[in-house]
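K.L.:
Just so you know, the protein sequences line up as chains C and E, in that order.
Quick note: the first sequence, position 215, residue 215 per the numbering used here, numbers continuous.
Start counting at 1 in the second sequence, then tack on 1000, and there's your number in the numbering used here.
Calculated from the structure, these hints are not laboratory results.
Here are the simulated DSS-like pairs of lysine-lysine, each with C-alpha atoms no more than 30 Å apart in a straight line:
(1) C:144 / C:166
(2) C:31 / E:1144
(3) E:1110 / C:144
(4) C:20 / E:1110
(5) C:144 / E:1031
(6) C:166 / E:1144
(7) C:281 / C:110
(8) E:1210 / E:1192
(9) C:144 / E:1020
(10) C:110 / E:1020
(11) C:192 / C:166
(12) E:1191 / E:1210
(13) E:1144 / C:20
(14) E:1316 / E:1110
(15) C:144 / E:1166
(16) C:144 / E:1144
(17) C:110 / E:1144
Covered by chain C, according to a simulated footprint, are these stretches of chain E (three or more residues, beta-carbon under 8 Å):
(18) 1047-1057
(19) 1061-1071
(20) 1083-1094
Below, a sample of chain C positions facing chain E; criterion: calculated Cβ distance under 7 Å:
(21) 19
(22) 56
(23) 65
(24) 75
(25) 76
(26) 80
(27) 82
(28) 83
(29) 84
(30) 94
Only a predicted model underlies this, so the values are computations on that prediction, with no experimental measurement involved.
Ideal placement from N, C-alpha and C gives every residue a C-beta, glycine not left out.
Protein chains: 2
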Amino acid sequence: MALVVQKYGGSSVGSAERIKRVAERIVATKKAGNDVVVVVSAMGDTTDELLDLARQVSPVPPARELDMLLTSGERISMSLLAMAINSLGAEARSYTGSQAGVITTSAHGKARIIDVTPSRIQDAMSEGAIVIVAGFQGVSQDSKEITTLGRGGSDTTAVALAAATKADVCEIYTDVDGVYTADPRIVPNAKKLDTITYEEMLEMAACGAKVLMLRCVEYARRYNVPVHVRSSFSNKTGTIVSGSVEDLPVEQAMITGVAHDRSEAKITVTAVPDHPGIAAKIFRVVAQSELDIDMVVQNVSQAASGRTDITFTLAKVDGPRAVAALEKSRGEIGFDQVLYDEHVGKVSLIGAGMRSHPGVTATFCEALATAGVNIDIISTSEIRISVICRDTQLDDAVRALHDAFDLGTDEEAVVYAGTGR
Amino acid sequence: MALVVQKYGGSSVGSAERIKRVAERIVATKKAGNDVVVVVSAMGDTTDELLDLARQVSPVPPARELDMLLTSGERISMSLLAMAINSLGAEARSYTGSQAGVITTSAHGKARIIDVTPSRIQDAMSEGAIVIVAGFQGVSQDSKEITTLGRGGSDTTAVALAAATKADVCEIYTDVDGVYTADPRIVPNAKKLDTITYEEMLEMAACGAKVLMLRCVEYARRYNVPVHVRSSFSNKTGTIVSGSVEDLPVEQAMITGVAHDRSEAKITVTAVPDHPGIAAKIFRVVAQSELDIDMVVQNVSQAASGRTDITFTLAKVDGPRAVAALEKSRGEIGFDQVLYDEHVGKVSLIGAGMRSHPGVTATFCEALATAGVNIDIISTSEIRISVICRDTQLDDAVRALHDAFDLGTDEEAVVYAGTGR
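Work out the full structure, taking the sequences as your base and the hints as a guide.
P.N.:
As structure tokens, this is what we get:
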């Protein structure tokens, strides 16, 4: 008998009809002889509706109360799902994150899972019940306050529960059939991957592939939980995320896919004095505003002036705060200007094989040049090449790279509407 | 510094606008130097909407999951209220029934409060915060499951928290100005009472006055919590429920008010063998179906047959089950027929003074006779007379009694739409 953890996003449980369809799938998994733990997001638009109510009563709602409010969304979907399963003749019990033992930090709205103490849900399973757990939420270790996990929190909940209960697999049901070599909405002949290693999936997620969130993949890798990404609207096998690039045979297809990201902005600090410690000062200023930066480039100093430019990218939503923080420290650091550019896109090529194939970078740059895409910044890791270009050229760049590395297929991808949280 | 517990029903927090208005009242109470605990119901139609969703996924939702679902209603209203208060510059924190220490029996959907362990909300108050607590819900003592309290549960939560925190007063905000001598929709010149004793309020509630539920008044009486029933739409003083009829001066106005009830049905079991233990058998049959009965009348036996009729009333919703249970036991008990009548109404006169005024019953019957109301059953307590009549004559009966005992005023009552749970 296997233990299966399944996670259903908001669009999979977006209506009473869809909840009943999901219930059938869950009961079938149980009847096939498995123990089943289900993690569920809030129904379709519930979160947006609750946020709208919050805005009506308060311009800046306290984070603690916002978490209390938003967690009612999963409470609704999980109890309805348990009812639907019960009406099919199987027993199901729903548990909040707190009841399921999801222990988090106390950072409301962006808490991290510290520990999972699943005794209560294990007891329920040993009594034959299907367990339904609210995704996206937990209880803080110190203050016993209700917390939410932030973006991708439900996926992370599922992987964390799978790790804590030693599940055989964590199935993430979503609105696509699996992980693709590129976004099928941009590249119509993108190919679904049957398998992908944790490291490659991490790079894909970090570079903008939305099918799984970074934290969820990090968690799965740390606890070695196989993750099966698949569609809740079909019965097809999806993509299995497992294993390490270190264990791949060298002959394995060398390039995994192309990811893209429109959510970043570029900041350039010009004419910075080129002596040790100045770059550190700049990034300390940004870090003190609790903002994460992504790519960093420092050009060679112009000998005459003894000054250089430092460029970095970060999430667009954080851009204005970063600019303001830097402007405040202009006197202390002594630079000329802060330039802010929101009209950029990032395209990345990911593949375990590129470690041992030095020609990849050349092919990469040639493909973009042929497509007329101008490269603004380049950054690489052992299994990834990323460049920043104009956002208007991003789709062309994705298609050019996908073609150049021959990642396509003849089958057409299936794309559904909507997305979970 | 006083400690005030306030309870707001669903119509008082039915929209973002109303929540903000309630927030202002709460902040004013706090600024006047009081510690404040607020108990809140779900917003307006939330409960009905959730029940509708439940029906869409399951014909008979399990009670445990229904409680999980419905408790999200108060979670939404309480967090929104806390946000609204915070945006006015005061600190507020919301707590679920479970977090606030409301310990109940495990009867889902109709749990009873066993104990309140308010340490967490007392800590919050000692830190200067206004405490918002979800009404209508708690956590079961044995199994730590989320429970709901059933009808009037939020009022009971408020009184229980007031008792546990030794509050100076429990204010129940509702859609009427207080407790009236009769329903102002039937008797336009009904008078608002300034005070009423626990016993009289118990009788009023038991006889159909909807302003406070029976369980809430029982709880207040047991723990001697003064309850102030008032409107959330005005600043007028309402009705104070406190004290015992035993402590009333004999000269005090002898009649309190007229209550009526359309929710009962009448069952008559005919030609029952008139020997000891038969009535007990009949009521045991009803009790085994977990149905509560209200009034009971047994006519004098007809000497010739040695048989008698037994009549009782109970809630209309329980009628069909009671009839079915009795029909099943016909052979064992040996009666002739079970007659079922839904078209009855109950009118009751309540007043501490009637203990020492023997003429009340005569005046009561004369008033009904003059109004042409035929009395079907009479039942009395020390401070109450109730009769069952035709439901079509109920309003006339209420008005006749209200006039006969001169309970009216010249001021017109204010009646608002909507009601909480």
